[in-house]
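Peer 1: Chains as they are written, first to last, in my numbering: chain A, 1 to 358; chain B, 1001 to 1276.
Simulated from the structure, these hints should not be mistaken for lab results. Keep in mind that a hint or two might mislead.
[As the list claims (entries may be wrong)] With a straight-line cut-off of 16 Å between C-alpha atoms, the simulated EDC-like cross-links for lysine to aspartate or glutamate are: (1) LYS1141/B x ASP6/A; (2) LYS1187/B x ASP1059/B; (3) LYS221/A x GLU1099/B; (4) LYS221/A x GLU1047/B; (5) LYS1187/B x GLU1271/B.
[Claimed, not checked] Listed next, the stretches of chain A that the computed footprint assigns to chain B, with coverage defined by at least 3 CB atoms under 8 Å from CB atoms of chain B: (6) 216-226; (7) 318-327.
[As the list claims (entries may be wrong)] A few chain A residues that don't get close to chain B, going by computed Cβ distances all over 10 Å: (8) VAL8; (9) ASP133; (10) GLN185; (11) SER190; (12) CYS211; (13) ARG302; (14) ILE340.
Given the structure is predicted, the values throughout are model-derived calculations rather than measurements. Quick reminder that beta carbons are idealized off the backbone N, C-alpha and C, glycines included.
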Amino acid sequence: MSHTPDGVGGLSFDGSGRSLPAEAGVAIALVLIVLAFELLGRLLMHDSFLLNTRDNVPGLFNQARLQIIILQVSIIGIIALGVTQVILTGGIDLSSGSVVGMTAMIAMSFAQVGEINGLPNTRAVFHDRGWVDLPVIIPVVIGLLCGIACGLINGLLIAYTRIPPFIATLGLMVSARGVAKWWTQGQPVSFPTPGYAAIGAGMMPVIIFTCLAILFHLIMKYTVYGKHTYAIGSNEAAARMSGIDVAGHKVLVYTIAGLLGGIAAIVLSAKNLTAQAGMGVMYELDAIAMAVIGGISLSGGRGTILGTVLGALIFGVIISGFTFLRLDAYYQEMVKGAIIVGAVVLDQWRQRRSASRF
Amino acid sequence: MASDLQTDISGGDAPRPGDAPGDVILRTEGLTKHYGGVHALVDCNFEIRRGEHVAIMGDNGAGKSTFVRQITAVEQRTSGRIWFNGDYVEFDGPLAAREAGIETVFQTLALADHLDVPDNLFLGREIRKFNLGPFSILDYKAMHAATRRGLEKTGVKIPNIRNTIQNMSGGQRQCVAIARTATFHSKLTIMDEPTAALGVQETAQVENIIRALKQQGEPLILISHNMRQVMDLCDRIVVWRRGRICANLRKEDTDGEDVVAYITGAKTQPEYASAA
Ligand SMILES: Nc1ncnc2c1ncn2[C@@H]1O[C@H](COP(=O)(O)OP(=O)(O)OP(=O)(O)O)[C@@H](O)[C@H]1O
Ligand SMILES: [Mg+2]
């Protein structure tokens, strides 16, 4: 038995008997799902899901599939990092998909080239004003500010009026989508400068997502911001009585979520080389699903960034797996819905179990 | 805003001219709190001096915790005035009260269930390694060491302080809340039924913490239903009944039976006759 010095009052604590963290369960689920697809693949498709079966390509794993899995979740994953923090405070953010659409449209308008194949790009949004071929920093800063502004609106509404987060962010969900459509009267915004396009090229989305995930993992674990976020979600009254500026902190959390939505919008539009008013529809639900699958409790206070990253991977594996099995997108959506509900049920069950100990 | 005690207070309860100006640490005048139609606190004039330990007693629902919530600014009072440490104060929130030097063990304990013991002890005033505003880096090591020292004072047994509060017994939780006030220096300590869930040994330890405060000359407001405890630890007993103060008794002038008579309403001091 290994005694750790964590006890007080003469009691010692056996660290080896500690129960597994929730993330371990999510990681196991991830492995099981991959194995299930592997098995189904062998049985139904006579092909491997994850392993490399082609002789002309080197490597043990199917590199292309792994890249697709990570790439397709990384942009929504960036949103999920912000949504995770919001849910940890006991809130919810339904606006992030629309914020992505609106921010993509606005940022992209400042990132357009002046000439296409030697002809002036007369369809550029700001062609008449000559705001074309701008340095990449301008659309990036505008995009980030746009995301921050959206988050700030959410945060101020939720912290200083008594509107529940569900309603406040639903309002912005509708309004921001409206702005996205109004911005160009529904026209797509295309032809970004090479500098802007580079932000979303190749594996850049994955790199950006990974860096942000690590950054926020550290922030949630080692800073006052993280501690207060958990405290508010855990017991808001206690947080207030302990002297935490609950309202101010909520504004900060929603603003950061908005900022991350802005980053996702920039990466997404750069990757697709275009921005459309319908961009990011349903992203908010996918991001919430990633967090919930990753063990973030919808009642707040419990879960980690690592959990959300694992949740995002599960999400990616399921989508790739369905494509791999050549199942229709309809089935994908049906199963996605079932998984989200299942994750919430699991969370409720975990909570009841820990509550029933008294 | 911050006006002087001497100039602002008039009437029978005002400090007598002979008193040192800063002798009263906390004083309320006409403190009132209504929750909609519920008059939970009515016209309460209360004061506590430096070094004094005052007990608040009264039946369930008498308004004791409501009184605590008004002076710690957890809630905003309906009316009335409060002086603390010589200044007229209008705290805009619990943080302001805490920063002014009021440490409180709330009846609800105010602990975050999903955080561990050190996190709860330092909630709202974490020890920081580097100050970067909200993104300041936490000094876990220092907080853990201080937590262990603080808890040892309460005599509680906790197998693992890294465990979250939701996995702890009621008494362990209470000890965490008490250790929280005992860890920080304060000008006034308030404890709302601090030993309600504690075993015999832990109760004795908490009473020792209270005696230590007395020796250090730190004032205390103790809310308790335990007559022996109150008689042991306090200099004065203030009795609440249906939101009003109905008696203010020096320990030497009273006994358990007398206090019970005030609590139940069998007796009321003449100066509080309106409470009857
Ligand atoms: N938020 C609230 N809304 C409405 N009524 C309230 C609220 N808080 C307290 N009350 C009422 O105010 C009265 C006083 O409550 P309080 O908690 O101060 O009692 P107490 O003296 O602390 O009792 P106990 O000994 O049971 O702790 C009670 O009748 C209670 O129902
Ligand atoms: Mg009470």
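Peer 1: Any hints from earlier that this structure breaks? Give me their numbers in increasing order, please.
Peer 2: Hints 2, 3, 4, 5, 7, 8, 13 not satisfied by this model.
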